[in-house]
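Colleague: Sequence:
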Amino acid sequence: MKPPINSPSKDFAINFMKKKEQGYFSSNRPGGKGQTDIYSFKMPPIIYTLQGTIKDVDCKKPIAGATVKLIGTDGSSVEALTDDQGFYKFDEKENGDRFLIDNTSYTIVVNKTSKAKNISTDCNSTDFTKRGYLNGKGQETTVGVERSTAFVHDFEIQCSNCGEIKFRTVLYELAKWDLMVTDQVNSKDSLNDLYQTLIDNPNIVIELAAHTDSRDSDQRNLVLSQKRAQSCVDYLVEKGIDPARLVPKGYGESNLLITDAEIAKLKSKEEKEAAHQKNRRTVFSVLRDDFVPTEAPQGDAPQ
Numbered sequence: 002m003k004p005p006i007n008s009p010s011k012d013f014a015i016n017f018m019k020k021k022e023q024g025y026f027s028s029n030r031p032g033g034k035g036q037t038d039i040y041s042f043k044m045p046p047i048i049y050t051l052q053g054t055i056k057d058v059d060c061k062k063p064i065a066g067a068t069v070k071l072i073g074t075d076g077s078s079v080e081a082l083t084d085d086q087g088f089y090k091f092d093e094k095e096n097g098d099r100f101l102i103d104n105t106s107y108t109i110v111v112n113k114t115s116k117a118k119n120i121s122t123d124c125n126s127t128d129f130t131k132r133g134y135l136n137g138k139g140q141e142t143t144v145g146v147e148r149s150t151a152f153v154h155d156f157e158i159q160c161s162n163c164g165e166i167k168f169r170t171v172l173y174e175l176a177k178w179d180l181m182v183t184d185q186v187n188s189k190d191s192l193n194d195l196y197q198t199l200i201d202n203p204n205i206v207i208e209l210a211a212h213t214d215s216r217d218s219d220q221r222n223l224v225l226s227q228k229r230a231q232s233c234v235d236y237l238v239e240k241g242i243d244p245a246r247l248v249p250k251g252y253g254e255s256n257l258l259i260t261d262a263e264i265a266k267l268k269s270k271e272e273k274e275a276a277h278q279k280n281r282r283t284v285f286s287v288l289r290d291d292f293v294p295t296e297a298p299q300g301d302a303p304q
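Counting in my numbering, the sequence shown runs from 2 upward without gaps.
Some hints could be false.
Straight line, CA to CA, 27 angstroms or less: simulated BS3-like cross-link-like pairs of lysine-lysine [said to hold, decoys possible]: (1) Lys273 with Lys228; (2) Lys116 with Lys167; (3) Lys167 with Lys240; (4) Lys131 with Lys70.
Derived DEER-like restraints, expressed as beta-carbon distance ranges [unchecked claim]: (5) Met18 with Ser115: 48 to 54 angstroms; (6) Asp243 with Leu223: 25 to 31 angstroms; (7) Asp201 with Ala176: 32 to 38 angstroms.
Calculated directly from the structure, the hints in this document are not laboratory data.
Note that CB positions come from ideal geometry on N, CA and C, so glycine has one too.
Please model the entire structure based on the sequences and the hints provided.
Modeller: Structure follows, in structure tokens:
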């Protein structure tokens, strides 16, 4: 025990009252009425709270009406909704019990769904409140925390119905469809991020949209882009993702980020090649969020 219950004197025979953080002990410490005295004590309660703010990752605006779910290793599960400022808090229950208790780890899951489609990416659009979001997930624990603590866990989550999901871009070498891995670029990093997003959002179906630069014929580029999209699907399926959640789509050279006219204005060969490189890519978007997972959990298959 810590001071003031423990002292440099002889302290012994501590006895706790049943189911209460209070009790009695004996001590010959100075200041008593006799050689050895009986003292009562009451431990101050250890109080844990959890609060935070949920914001849009692009607009940095608070998200009202998001569901925040707190799941404990003790089997507990409780939900709260964010207010107009995107704020949530788990503090005290109506009966006086606490939402967070000692020696327990918690998973925090943030969610907001929407039936609306193709919402504007303009942060000032009147459609902002119609945005749906990919789940956010975090962890907190009271294990080993021996004093009252106010945990703060903020989230910035990504719109799921505003077009492309923003990850590091999957890039390719000229005329190739295998994933590009160099000292400067590792396209598997982006797919690993997407993998985790699919695990955290088990109901979404993703389109993997692959593109080429403008070199070679339209038809050959269309075939090449489809192979690029499929290479991403193959990587994710190998990691355990259900292929029914992945839709590969090749767009050929129909959606250039940098046009040939813009590339022609660049001075050096290196600049032009870098521009073509940006056009060779695969990006992701959410097609729908009504997928029903199988009973078997998804993820890496056992080795």
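Colleague: Output the indices of the hints that this structure fails to meet, ascending.
Modeller: none
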